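Residue-level listing of the chains:
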Amino acid sequence: MNWVGIIRRFWAFALAISIPLIFLFLSSFGILGFDYLLHIAILCGIYVILSVSLDIIVGMAGLLNLGHVAFYAIGAYITALLSLHFGMNFFISALISAAASGICGLLLGIPALRLRGDYLAIVTLGFGEILRITLNNWDSLTNGPRGLTGIRHPSIGGFVIERPLHFYYLVLLLVAVSIALYWRIERTRMGRALVAIREDEIAAASVGIDVTKLKLFAFWIGASLAGLAGSFFASWTGFVSPDSFTFMESVLILCMVVLGGMGNVLGVCVGAIVLSSLPEILREFRDYRMLFFGLLLIVMLAFRPEGIVKSKRRAMELKRG
Amino acid sequence: MRKRIFLSIIFAALIASCAKEERVIKIGVAGPLTGDQAKVGQDMRNGVLLAVEDANSRGGILGMKVKIVEMDDRHDPKEAVSVAQKLVADKDVVGVIGHLNSGCCIPASDVYRMAGMAMITPSATNPEVTRRQLSPDWGPKNVFRVCLTDDVQGELAGKFAIERLKVKTAAVIHDKSAYGKGIAMEFEKAFRRYGGKVLTVEGITQGDEDFSAVLTKIKGMNPDLIYFGGMFREGGLIVRQAKALGIRAIYMGADGLYTPEYIRIGGQASEGSIMSFLAPPWDKFESVRDFIRRYNERFGEIQTYAPYAYDAANVLMEAIKRAGTTDRRKVSEEVARTKGFKGITGTITFDEKGDNVNKRVYFYKVSGGKFVLF
Amino acid sequence: MLLQQLVNGITLGGVYALIALGYTMVYGILEFINFAHGEIFMVGAYIGLLSVGILPEGSPPFLKLLFCFAFSCSLTGILGVLVERVAYRPLRGAPRLAPLISAIGVSIFLQNVVMLVAGSENKVFPQLFPSGGVRISGVDISYIQIFIISLSFAIMIALHLFITKTRIGTAMRATAQGMEVASLMGIDVDRIISLVFLIGSILGAVAGIMVGMYYGIIKYTMGYIAGLKAFTAAVFGGIGNMPGAMVGGFAIGILESLGAGYISSDYKDAFAFLILIAVLILRPSGIMGERVSEKV
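Protein chains in written order, with our numbering: chain W, 1 to 321; chain R, 1 to 374; chain Y, 1 to 296.
Worth flagging that the hints you see were computed from the coordinates, not collected in a lab.
Please note that the accuracy of each hint is not assured.
Said to hold, decoys possible - From the structure, some residues in chain W lie toward chain R, with a derived Cβ separation under 7 Å:
1. Gly144
2. Pro145
3. Gly147
4. Thr149
5. Arg152
6. Thr237
7. Phe239
8. Ser241
9. Ser244
10. Phe247
11. Glu249
The structure displayed is predicted, hence computed values, not measured ones.
Glycine included, C-beta positions come from ideal geometry on N, C-alpha and C.
Make the full structure from the sequences, and use the hints.
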């Protein structure tokens, strides 16, 4: 493993996230509170993790997952319940939540991954919605639409992470972990095999790649990472409700991946940061946000399906013919 | 040389943006300004707006102009938390009028608590909203309400159904929100205590359109009364579909139905339905008449809570005056000390829970497309 | 109670069937799930609402009804054709996922355009149909329900005749069987595809108006869930198979009503999704479809 390369890249990313922060701070001198900017930055961080996790499934493996928000939700709710019923600390519940989401990814993948692309998409969508409806109606467990309040903030020993700045550092750490994980997969044989599957499944199978196993693997990792994001989300806001986990959230994350560049981690990060910070900055245009996203999807797919940050290989794959 | 000029311009711009804008006192208004309950949320906002404008026309508070910061929570608890965080981050916001829904007040109040900011709700009736602050690790009180609570409303509704409507059996439906389920359960408890029989309790999902499955089930049970805990959209749809299915039971609800929107959505079917509300008819209410006239001229028809929002805003502004400062915690302390405040909706005094001690309930019936006292 | 639930189910089923036909026709030819079709249904309802405001107040309700359908069907039909030309045609050769994502984009776009133009609150649909109904052996059937069920059947029969008995209908079937061969035989494939979108959108608009009249309110989000349930119906009956879509529509409508009545009304939407997943995994060709093998 190229340690130097990795450390260098980590600092590049930390800087990359801090720069927009500083810029925003300067340009809105004291009008928006610094805390609020950190709030936006933390939100960006969560969406970066979610986009990276979806990109493993959609970008690397080429599987269209329209129910990704379900894994996010599972992570969030499990952390919430562990905190409320057992007072469990975030750092432990995060691991459990990620594991649980991962298992759900596997459970979904096993029957679903046999299906063709568009059918798979619909099944994942159905899964996401069934989960949301269940969360909304299983009153005794989840408190239904009223949600769960009072989730504990993360703590290490006696130190409680409460201030926005500390949450920012924590999410930065998790972002680094996600990206490192992504790179790790990408550079190994597994990663290359996934790309092979994405480009031509039958050809890949014919050279001996275990297609099903690898697809399941992508699903598992993507789901686990999303669960981790969910766990952080629950501990940060202290409140979860089914309304945070709608199909539109899945679409939003998909937009970030498509916009940034499917299969390209740097691009996906850019997509996530842009699409999650823009609505907060342009609050007056809030009503137009989804309209813009819809248009974005249409236009991007028609003219530049490989995303903002180019990858020549992707461009070739996705263009017509 | 060019570099110097360039730098000076930047420097000047920075200095200029540092320049103090005129200080204002900001009051946050949080509620569903868009979506299903938009009409009622805007109604609340308009009430606060009138109060603030009145205050400004008298010279403002503590020599400063008052501005409202309106935030849309779309009656979604998660949005409410986000809205609360934004309001808390704005240093000029001294207090919040809102939220409209109990389900939003509850999670949002946690955020306000940590900032020590007062939240006065004109309309959330679930007892839990203020009861939470009785717990020892809450800290100083910061949640208040000028309306009544559902333990009173539901209780009196149950009594009314038995004694005045003289029904024996009831089916209870709620929308699973904090408010809807809360009041439905209070009604159910009271109805049974006064001797009635509750045949079933059913939950429906806010946002759904088709309730024929639940209603068909209830039709088979043939209750004398259907009680609905929830808001006007679902309330209107349910009464419509119930009548279409030939259900003859009396349809009853709470303050969530007390809005012209309910009659519009329910249409012909809403005739004869009964609901409870905390104020006598607006035109019987001397102190409110002037406000209603002004409101109608400017915004059109009053929905439900505008007068309460007006009073809540005035309570807050009075408290700011008494505290003599815009410090959130001090203002919140003063709000807690509100006693005998003469509002247009009546006298307001907060008890040790933050609830208004003034609790009256009136019952209305929809007749000829309007609300009339039963 | 069972009969009542059945009546409710058949009414819903008629609506789902009309929308499902739109999905199935498009899929039959293009092998593409038109994700935005649910939004076409929603737009149809809104344009219907708009049309009612156009006619003078005192017009007879029958005229208003007729105009409402005519106006909405034409405009919505055109919208459907436009969407195909603008968003889907450019992607015709691209891998399957591209038009699917684009369709999601169209869906979001349409939803939000309507929200911005018409407002986000619930809109009340005027009472064009007399309320009240008949009572047969304890079951209450409203006049609107009778109207919906009969109109759905009439349209489906007409469509079936059109597809099987006319030249254009034959051309459509031929295109569905194989686009390249059909064009070699002299069929203008592009035109046929536009026609398919036109018909599908008209059906969607009819369904939208019926729903508007039935529930009395419409909202810009109504297309999403209805669309997914109709899609479930189409898949259930065998995607690409038109009689299958009709059967599937009624099946889903009845299953949903019975499930909601006897098992749990809370989870009634979840039932539709469960059926969808089950069918896709266990029998992707649906009840009436032939076994389709993966093209190598």
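Hints, one by one, checked against the model:
no., hint, result
1, Gly144, "holds, 5 Å"
2, Pro145, "holds, 5 Å"
3, Gly147, "holds, 5 Å"
4, Thr149, "holds, 5 Å"
5, Arg152, "violated, 12 Å"
6, Thr237, "holds, 6 Å"
7, Phe239, "holds, 5 Å"
8, Ser241, "holds, 5 Å"
9, Ser244, "holds, 5 Å"
10, Phe247, "violated, 13 Å"
11, Glu249, "violated, 11 Å"
When the structure is compared with the earlier hints, violations turn up for hints 5, 10 and 11 and for no others.
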